[in-house]
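Q: Start from chain A and add chain B according to the hints.
Heads up: the protein sequence lines correspond to chains A and B, in order. Residues 505 to 794 in our numbering are what the first sequence lists, from first letter to last. Residues 505 to 794 in our numbering are what the second sequence lists, from first letter to last.
Just so you know, not all the hints are guaranteed correct.
Because identical chains cannot be distinguished in the list, a pair is counted as satisfied if it fits within a single copy or across any two copies.
Claimed, not checked - Within a straight-line C-alpha distance of at most 30 Å, the following computed BS3-like cross-link-like pairs (lysine-lysine) qualify:
| hint | residue 1 | residue 2 |
| --- | --- | --- |
| 1 | K554 | K641 |
| 2 | K755 | K554 |
| 3 | K782 | K554 |
| 4 | K791 | K527 |
| 5 | K554 | K701 |
| 6 | K755 | K710 |
| 7 | K748 | K595 |
| 8 | K710 | K641 |
| 9 | K791 | K748 |
| 10 | K554 | K710 |
| 11 | K755 | K527 |
| 12 | K701 | K595 |
| 13 | K710 | K782 |
Source of the hints: derived by calculation from the structure; they are not laboratory data.
Protein chains: 2
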Amino acid sequence: MIRRVAITGGTHGNELTGVYLVKKWQNDPIPVTRESFETLTLHANPEAIKACRRYIDRDLNRSFATADLANPATHYEATRACELNALLGPKGAEETAVDFILDLHSTTANMGLSLVVSSESTLTWEAVRYLCAREPKLRVYRWQGDEEDAFVDSIAPNGFAIEVGPVPQGVLRSDLFMQTETLVYHLLDFFEKSNRKAALPELHEKVTVYDHVALIDYPRDANGDLNGMVHENRQDRDFTLIQKGDPLFRKLDGSVICYEGEEPLYTLFINEAAYYEKGFAMTLARKIEL
Amino acid sequence: MIRRVAITGGTHGNELTGVYLVKKWQNDPIPVTRESFETLTLHANPEAIKACRRYIDRDLNRSFATADLANPATHYEATRACELNALLGPKGAEETAVDFILDLHSTTANMGLSLVVSSESTLTWEAVRYLCAREPKLRVYRWQGDEEDAFVDSIAPNGFAIEVGPVPQGVLRSDLFMQTETLVYHLLDFFEKSNRKAALPELHEKVTVYDHVALIDYPRDANGDLNGMVHENRQDRDFTLIQKGDPLFRKLDGSVICYEGEEPLYTLFINEAAYYEKGFAMTLARKIEL
Chain A
505 MIRRVAITGG
515 THGNELTGVY
525 LVKKWQNDPI
535 PVTRESFETL
545 TLHANPEAIK
555 ACRRYIDRDL
565 NRSFATADLA
575 NPATHYEATR
585 ACELNALLGP
595 KGAEETAVDF
605 ILDLHSTTAN
615 MGLSLVVSSE
625 STLTWEAVRY
635 LCAREPKLRV
645 YRWQGDEEDA
655 FVDSIAPNGF
665 AIEVGPVPQG
675 VLRSDLFMQT
685 ETLVYHLLDF
695 FEKSNRKAAL
705 PELHEKVTVY
715 DHVALIDYPR
725 DANGDLNGMV
735 HENRQDRDFT
745 LIQKGDPLFR
755 KLDGSVICYE
765 GEEPLYTLFI
775 NEAAYYEKGF
785 AMTLARKIEL
Chain B
505 MIRRVAITGG
515 THGNELTGVY
525 LVKKWQNDPI
535 PVTRESFETL
545 TLHANPEAIK
555 ACRRYIDRDL
565 NRSFATADLA
575 NPATHYEATR
585 ACELNALLGP
595 KGAEETAVDF
605 ILDLHSTTAN
615 MGLSLVVSSE
625 STLTWEAVRY
635 LCAREPKLRV
645 YRWQGDEEDA
655 FVDSIAPNGF
665 AIEVGPVPQG
675 VLRSDLFMQT
685 ETLVYHLLDF
695 FEKSNRKAAL
705 PELHEKVTVY
715 DHVALIDYPR
725 DANGDLNGMV
735 HENRQDRDFT
745 LIQKGDPLFR
755 KLDGSVICYE
765 GEEPLYTLFI
775 NEAAYYEKGF
785 AMTLARKIEL
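In isolation and in its complexed conformation, chain A is listed as follows (with noise of 0.2 Å):
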């Protein structure tokens, strides 16, 4: 039994799309009320809301690793995710306040409607085949990324991301704001079928996952700043192949770096705005059936 649902909105402060879904829900809870469970809608970082920026001291979705959360907080995120353990977790107990926490996320990437999912539980998934089912336009992406098992979502036993994009920083997109609205009423209308062994629609045998490969970075100059872009034909090109030869970045001065990998392999999160501070210009990911 599925009993308490968290959904967060304004983990990083400057992506609008949770904020104000949480805010709309907040002052109407109809939508995300469900007979089976209790959903809670709670905005994850309120100080970088109120500046309009990723994080105060630290990204915050990358301060749920066990070994932070047992160290005494010494900024306003480390706080603030001990609070959040507190309120939702605690991570790794038997019980934890809630079952299931749905992260909400945008990015300037072209990703369109996709889920960034690192739990392997079986709920989990069994939610991510539904949610396929339901929304074809919906990729999934299976993260191992820059910091491990330090996500909000990794303090419930089950849970994932919603990443929607491309939208700048600091900006509500309507399209984007109403499809991730929607993907968010099909998960609860899922627990609720599931609560109540409801007929859940046929789910697919497989799901097609992008399963995390490696992290590029930028080309640098020696003080570590940058020195190209992405190149203009690999833009916006989430979710396609990218095989050796093909350009990759475009140097400050015009001339072009080729993708030099044996396999082809896909490029996700191009050109993020927030990642060039971690040294990532894209993500590879390899395509399986799960």
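A: Just chain B, lined up with the frame of chain A:
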């Protein structure tokens, strides 16, 4: 005679096109070097560039009103405005350090390749006509905005800003980088031909200008926070007409607000991230021949 031209980038520290074009030319000034005049390239707001934020304390591109420059500086951008005024101006003087300021900007709105012009000078408008002849996609916005005569380019007797979009804050797009670069080289060629009294291409008698009429704010709640977004049918439709009854905003609750103006006007700077805090969702302009 044009003796000195300044190209400023990073007036807003998170508009990376100008930041990295200036960086490129500081590494290799040959592309901006012409025989008959000197070209300066500089980062207008170095601290904001370091922080990858629009500004530290106040929008630098609203800090050049004559009254502001006369007051003792009380914060970072006020200090920097006085420095730039000493370096490139002084504003309103008979003799200024530079004859023309080209200020490089980008926007999250779908403004394409456009000029934002406040100067009324003959040289400025000759340059506009030249660029329009060279680049048919270029559009011209005559701005009288939220604060008058306070742009960086106002400290020289001639100048304007290039605005390119859509590009998120904190992101470099190769296609828009190269389009901006080409436009800059055309402008420098214009000054060179003009100084040499060389044959200028046939300029049209008239130039199409989008002439500023009004600013429109987002729908907001009693606390001043947004409770609506640009309507999905208006999003990305910069430089298109809006007529009475056309959808303008979608509120968070799903309802629609329509445009009520009697006069059909053109919508510009639709959903620019930096204008949320300034209180405008878009600007309205009248299309005229000048």
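Q: Now tell me, hint by hint, if it's right for this structure.
A: So, going through the hints one by one against the coordinates:
1. When the C-alpha separation of K554 and K641 is checked against a cutoff of 30 Å, the pair qualifies neither within a copy, at 33 Å, nor between copies, at 38 Å.
2. Taking CA atoms no more than 30 Å apart as the test, K755 paired with K554 passes between copies only; the shortest distance there is 21 Å, against 36 Å inside one copy.
3. Within a single copy, K782 and K554 get their C-alpha atoms as close as 23 Å, and across copies as close as 15 Å, so both meet the 30 Å cut-off.
4. Within a single copy, K791 and K527 get their C-alpha atoms no closer than 36 Å, and across copies no closer than 38 Å, so neither meets the 30 Å cut-off.
5. Proximity of K554 and K701 under a CA criterion of 30 Å is satisfied in neither setting, with 42 Å inside one chain copy and 55 Å between copies.
6. Proximity of K755 and K710 under a CA criterion of 30 Å is satisfied in neither setting, with 41 Å inside one chain copy and 38 Å between copies.
7. For the homomeric pair K748 and K595, neither the shortest alpha-carbon distance inside one copy (42 Å) nor that between copies (54 Å) is at most 30 Å.
8. For the identical chains of this complex, K710 and K641 are intra-copy neighbours only, at 16 Å inside a copy versus 47 Å across copies, given an alpha-carbon limit of 30 Å.
9. In this homomeric assembly, K791 and K748 come within 30 Å of each other (Cα to Cα) only inside a single copy, at 17 Å, whereas the closest approach across copies is 48 Å.
10. Proximity of K554 and K710 under a CA criterion of 30 Å is satisfied in neither setting, with 42 Å inside one chain copy and 47 Å between copies.
11. With identical chains, the CA atoms of K755 and K527 are at most 30 Å apart between copies only, with a shortest distance of 12 Å across copies and 42 Å within one.
12. In the homo-oligomer, the alpha carbons of K701 and K595 lie at most 30 Å apart inside one protomer (28 Å), although the nearest pairing across protomers, at 74 Å, exceeds that limit.
13. For the homomeric pair K710 and K782, neither the shortest alpha-carbon distance inside one copy (33 Å) nor that between copies (49 Å) is at most 30 Å.
Hint check: violations occur at hints 1, 4, 5, 6, 7, 10 and 13; the rest are consistent with the structure.
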